[in-house]
Amino acid sequence: MNQRKTTLHMAGAKKAGTRLVLLLFTVVVLLPIIWTIYTSFKTTTEFLANPWMLPKGLYWPNYTNALEKGNMVAYFKNSIFVTLLGLAFLVLLAVPTAYVTSRFKFRLARPISLLFMSGLFVSQNYIVVPIFLSLNKVQNYLNQYVEFQHLKLTDNLIILALIYAVCSLPFSIYLLSGFLKTIPDEYENAAKIDGCSYGQTLFLVIVPMAKPAMVTVLMFNYMEYWNEYIMATTLMQERRWTLPVGLVNLMEQQKFATDWGAMFAGMVIVMLPTMIIYAFVQKRLTEGISMGGLKG
Amino acid sequence: MAKVNTKLAGKFSKSKFQRKLFIAECTVPAIILFAVFMVYPAINVFYMSFFKMSSLSLEKKFVGLDNFKVLISDTKFWQVFRNQIFFIVVVTIITIILALFFAALLTNSNLKEKPFYQTVFFFPNVLSLVVISTLFIQIYDPSKGILTATCNALGIQVAEQGWLGMATSSRWCIVAAMVWQAVGYYMVMYIAAMDGISKDLYEVADLEGMSKFKQFFAITMPLMWEIIRVTIVFFIISTINMSFVYVKIMTPTGGPDGKTEVFLTYMYKQAFTNSNFGYAMALGVFIFLFSFALALISDKLTQKETVEY
Numbered sequence: 034m035n036q037r038k039t040t041l042h043m044a045g046a047k048k049a050g051t052r053l054v055l056l057l058f059t060v061v062v063l064l065p066i067i068w069t070i071y072t073s074f075k076t077t078t079e080f081l082a083n084p085w086m087l088p089k090g091l092y093w094p095n096y097t098n099a100l101e102k103g104n105m106v107a108y109f110k111n112s113i114f115v116t117l118l119g120l121a122f123l124v125l126l127a128v129p130t131a132y133v134t135s136r137f138k139f140r141l142a143r144p145i146s147l148l149f150m151s152g153l154f155v156s157q158n159y160i161v162v163p164i165f166l167s168l169n170k171v172q173n174y175l176n177q178y179v180e181f182q183h184l185k186l187t188d189n190l191i192i193l194a195l196i197y198a199v200c201s202l203p204f205s206i207y208l209l210s211g212f213l214k215t216i217p218d219e220y221e222n223a224a225k226i227d228g229c230s231y232g233q234t235l236f237l238v239i240v241p242m243a244k245p246a247m248v249t250v251l252m253f254n255y256m257e258y259w260n261e262y263i264m265a266t267t268l269m270q271e272r273r274w275t276l277p278v279g280l281v282n283l284m285e286q287q288k289f290a291t292d293w294g295a296m297f298a299g300m301v302i303v304m305l306p307t308m309i310i311y312a313f314v315q316k317r318l319t320e321g322i323s324m325g326g327l328k329g
Numbered sequence: 003m004a005k006v007n008t009k010l011a012g013k014f015s016k017s018k019f020q021r022k023l024f025i026a027e028c029t030v031p032a033i034i035l036f037a038v039f040m041v042y043p044a045i046n047v048f049y050m051s052f053f054k055m056s057s058l059s060l061e062k063k064f065v066g067l068d069n070f071k072v073l074i075s076d077t078k079f080w081q082v083f084r085n086q087i088f089f090i091v092v093v094t095i096i097t098i099i100l101a102l103f104f105a106a107l108l109t110n111s112n113l114k115e116k117p118f119y120q121t122v123f124f125f126p127n128v129l130s131l132v133v134i135s136t137l138f139i140q141i142y143d144p145s146k147g148i149l150t151a152t153c154n155a156l157g158i159q160v161a162e163q164g165w166l167g168m169a170t171s172s173r174w175c176i177v178a179a180m181v182w183q184a185v186g187y188y189m190v191m192y193i194a195a196m197d198g199i200s201k202d203l204y205e206v207a208d209l210e211g212m213s214k215f216k217q218f219f220a221i222t223m224p225l226m227w228e229i230i231r232v233t234i235v236f237f238i239i240s241t242i243n244m245s246f247v248y249v250k251i252m253t254p255t256g257g258p259d260g261k262t263e264v265f266l267t268y269m270y271k272q273a274f275t276n277s278n279f280g281y282a283m284a285l286g287v288f289i290f291l292f293s294f295a296l297a298l299i300s301d302k303l304t305q306k307e308t309v310e311y
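Protein chains in written order, with this note's numbering: chain H, 34 to 329; chain E, 3 to 311.
Among the hints, a few may not be true.
Chain H regions said to be covered by chain E (calculated; three or more residues, Cβ under 8 angstroms) [as the list claims (entries may be wrong)]:
id: 1; stretch: 111-120
id: 2; stretch: 316-322
Reference excerpt, derived from the structure (chain E facing chain H, CB under 10 angstroms, subset only) [stated by the list, open to error]:
id: 3; residue: Y49
id: 4; residue: L107
id: 5; residue: S130
id: 6; residue: G211
id: 7; residue: K214
None of these hints come from the bench; they were simulated from the model. Small disclaimer: the values here were computed from a predicted structure and weren't measured. Don't be surprised by glycine CBs; every beta carbon is placed ideally from N, CA and C.
Let the hints inform the model, and build the full structure from the sequences given.
This is the structure we're talking about:
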């Protein structure tokens, strides 16, 4: 009896110890973010005081400065445009390819999936240089013709979205194929008997069934596109910057202008959409990783 | 009869054609775009490494392996090489230890708030590397950062240029940011692996009086060795790629005494600051082959007979 009591006691103490360690790390993870958020409401004079201090009130002009003077409104629009367009391109390219290569038996099915798999080894960071050079080369060529004078290849958000979509094809096709393989043949046979064409079968039968896998793919790639920096900073000019590029610029500016408030506000502006989405999808996200989904 | 047969054959070949057409419609656009924006640039990386190109005018001169000869005798490059190895080794070791530790703690504890911790620890992973870099710059800032303020309060002297600006500590500042971001991701993977291990094994070990600590090395580690191996390969590749963004933003000049310059920042500078595109692509080829080789070597070194109980 007594011994059992001490064991229970020890287990309780252990649990408390575990909690303490976990809480400590929770603080380590959350503190920088909480600090950023409350610091974004500080006035310039408050910035000169102890960095740990909370602001006396909510100083919103930091946000208007970031959005207007820091041009974050424009960059926000660019980011939304690139992200949504990139995801649209991705769905249109990846879903049909994954469907056909995973469920149709034809001679080229395996070579095609291997081709896309090989892309898993190619990082955007290497090919950014040749992409930049090739786009410029084609641009120089096109500039010789009057008809194409308004066509811009570099500094073009549609091209950027296309590059994002193509670079995430290998991972997305890999993930979607794995899921599509698990759908039983009966559904397609039934659709065929009902007189569905191949296209109708794909969009009316398969796509609705593949929703969970598609949500996972869209989620991972939303994060990729929204957060991407290297490609955007290399290809885009000031008016077409995305939020991350704008944020780095805001940080460089504040070295001279000392508008720290705007910079902290800028950080919150970039973080906020992702935080909101994370709140909704975090379970699915961690499940996706547990299932063996890897990230570029 | 014969009539029916031809009719059937006609219908068959028509549907066969439709099938082929559908396959083409589904795959051809993706293949073309993939070829244009990934395969062609990737081949170009290799191709351009044999040329000398010194401006955007794109005049190029074939120089054979000269760029690679330059690379071998480039002392700056070998410093970059050592820096990169430092980041790969240090970030991998610290992150694996922390991720395994927290994964084991969460799996063993059976706390009802386990999902909460999982959510919180994973969170830095969804943030932009740009935000994380900017955030850590602010933390290390000598005048308005919380780290400096805390050090001052504890009576630790911080040099005028701050931790990030000092040759001895700048790379550790970047390591801290990278680990802060990565722990949660790997922890989630390790938790999934640990959840897959049968509880019976631990119960038997408990009955035999084996401590939790010993159980971790006798049961948990051997059974999840495969997933640890896979993550080591991830680490090598992702550290090379991610250190690019961190270093580019946190120490744009490559840090004090070039202490933080890494592979891809060096490549990027050769390309876009020095317009030395050929040399940059030789670096790219080297980095690619190096990361590939390193991944293979680590895979071989960590190979053990798979344990299944």
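Going through the hints against the structure:
1. Look at the stretch 111-120 of chain H against chain E: 0 of its residues bring a Cβ nearer than 8 angstroms to a Cβ of that chain, fewer than three, so the hint is violated.
2. Only when three residues or more bring their CB closer than 8 angstroms to a CB of chain E does the claim for the stretch 316-322 of chain H stand; here the count is 4, and the claim holds.
3. Taking 10 angstroms as the C-beta contact cut-off toward chain H, the hint placing Y49/E at the interface holds, the least distance being around 9 angstroms.
4. Residue-level restraint check for L107/E holds (minimum Cβ-Cβ distance to chain H is 6 angstroms; threshold 10 angstroms).
5. Hint on S130/E holds. Least Cβ distance to chain H is approximately 3 angstroms, under the 10 angstroms limit.
6. Checking G211/E against chain H: minimum C-beta separation of about 13 angstroms lies over 10 angstroms; hint violated.
7. Satisfaction of the interface hint for K214/E is found here, the shortest Cβ-Cβ separation to chain H being roughly 9 angstroms, below the 10 angstroms cut-off.
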